[in-house]
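Visitor: Sequence:
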Amino acid sequence: MSTLLLPIADLAGLKRRVRVLAENRPAVYRMVDAAGRVLYVGKARRLRARLMTYFRAQYPDDKAARILHAAHDIHWDYQPSEFAALLGELRMIRKHRPAYNVSMNRNRRLAFLTISAGPAPHLGVSQRTDQDVRRYGPIPSPGRAREALRVINDLLGLRDCAEKMPIYFADQGDLFAEPRRAGCMRHDFRLCTGPCAGFVAEWAYAGQVAAAAAFLEGRTAQPIDRVVTEMMTASDRGDFASAVRWRERFEQLEWLFAALNRARAAIALLTFVYRDTGDYGDERAYLVRGGVVRAAFPWPATPIEREAFRAVVAEEMAQPGPGAGPLPTSTVDETLLLLSWFRRHPEALRRTESLAAWSEATAAAS
Numbered sequence: 047m048s049t050l051l052l053p054i055a056d057l058a059g060l061k062r063r064v065r066v067l068a069e070n071r072p073a074v075y076r077m078v079d080a081a082g083r084v085l086y087v088g089k090a091r092r093l094r095a096r097l098m099t100y101f102r103a104q105y106p107d108d109k110a111a112r113i114l115h116a117a118h119d120i121h122w123d124y125q126p127s128e129f130a131a132l133l134g135e136l137r138m139i140r141k142h143r144p145a146y147n148v149s150m151n152r153n154r155r156l157a158f159l160t161i162s163a164g165p166a167p168h169l170g171v172s173q174r175t176d177q178d179v180r181r182y183g184p185i186p187s188p189g190r191a192r193e194a195l196r197v198i199n200d201l202l203g204l205r206d207c208a209e210k211m212p213i214y215f216a217d218q219g220d221l222f223a224e225p226r227r228a229g230c231m232r233h234d235f236r237l238c239t240g241p242c243a244g245f246v247a248e249w250a251y252a253g254q255v256a257a258a259a260a261f262l263e264g265r266t267a268q269p270i271d272r273v274v275t276e277m278m279t280a281s282d283r284g285d286f287a288s289a290v291r292w293r294e295r296f297e298q299l300e301w302l303f304a305a306l307n308r309a310r311a312a313i314a315l316l317t318f319v320y321r322d323t324g325d326y327g328d329e330r331a332y333l334v335r336g337g338v339v340r341a342a343f344p345w346p347a348t349p350i351e352r353e354a355f356r357a358v359v360a361e362e363m364a365q366p367g368p369g370a371g372p373l374p375t376s377t378v379d380e381t382l383l384l385l386s387w388f389r390r391h392p393e394a395l396r397r398t399e400s401l402a403a404w405s406e407a408t409a410a411a412s
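If you use my numbering, the sequence shown corresponds to residues 47 to 412, in order.
No wet-lab data here; the hints were simulated from the structure.
Hints are not guaranteed to be accurate.
Claimed, not checked - For each label pair, taking beta carbons as the anchor points, the in silico distance ranges come out as: (1) R291 x K109: 46 to 54 Å; (2) P186 x P366: 24 to 32 Å; (3) A311 x R190: 34 to 42 Å; (4) I54 x A311: 44 to 52 Å; (5) W249 x N307: 26 to 34 Å; (6) A364 x A394: 20 to 28 Å; (7) S386 x N307: 16 to 24 Å; (8) P349 x M98: 44 to 52 Å; (9) L395 x R272: 38 to 46 Å; (10) E329 x M363: 16 to 24 Å.
Idealized CB from N, CA, C, for every residue including glycine.
All chains should be modelled from the sequences, with the hints used to inform the complete structure.
Guide: What follows is the structure in structure tokens.
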């Protein structure tokens, strides 16, 4: 018979404190242990109501009850709005990396195309945001993305084997005396250049990876061009079955190319000054650029405040804009949060203004 762990905190006393002191306002809260280490970070639109659910959870079946039993105390910081609470929660998780928190990417319908590190990079599809990879997207339908990625791998001869597969490039031939065999049949079918068995030089494989990155970044449509050429050639020689297969590959790559372009456009459009009215009239101005909150201030109401914020906007506009490269790992969760927020709250978009328009309007009013 297993023994349930006793709670570290005085749960009855903690419950009374929450009921008396916590207000039903937006907030970010932290569950901490006896040494002050953060175990869990959460956000609430109505703090008291959210925290009271922890005391009603059943231990040990419910995660909320397990977190409460492991905690010594609960700390919280009120926020001006639900948006501010979401942003505060994300940044606090990023800072403390609490043991009970999971990845912030909660939308299981979205995925990223990734290029791993290492001597023979691996193209993949992932829904995680904490991996040290080059990441492109987000795009819908992970399954469809995997099908399109298989086409890219086949066209460019990139490996799709396990990350732990040993790599032996052709320019490392002195490391093994006898010919090696590829780890799978893809090399025999001319679908992989065989970096696992010394069939390709490191520089040549790197060139193919660079071609894949150029496609994912929208700098070239070369893989699509090749598919179109093969499809037309098969059709001209009367091999219609082959032409149909090439047509299917074309549709997969065309979908992926369009999905990545839409993702880049959506992130680029997240560049504006956002006026968050706040749940209690505490208005805030958020300077958003390329899907990242660059600055946040109380809404500038006086001429001096507007001029000061205009200087902040001008300084940001003077900086180089986000490029077409991979999404930075450090800010990808924040970008997902903003995409989700403005998709779910279209009325919030009506309280945005482009950086240039905001700056010009403020200058004219001065």
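Visitor: Could you work out which earlier hints the structure fails to respect and list their numbers in ascending sequence?
Guide: Hint 3 alone not satisfied by this model.
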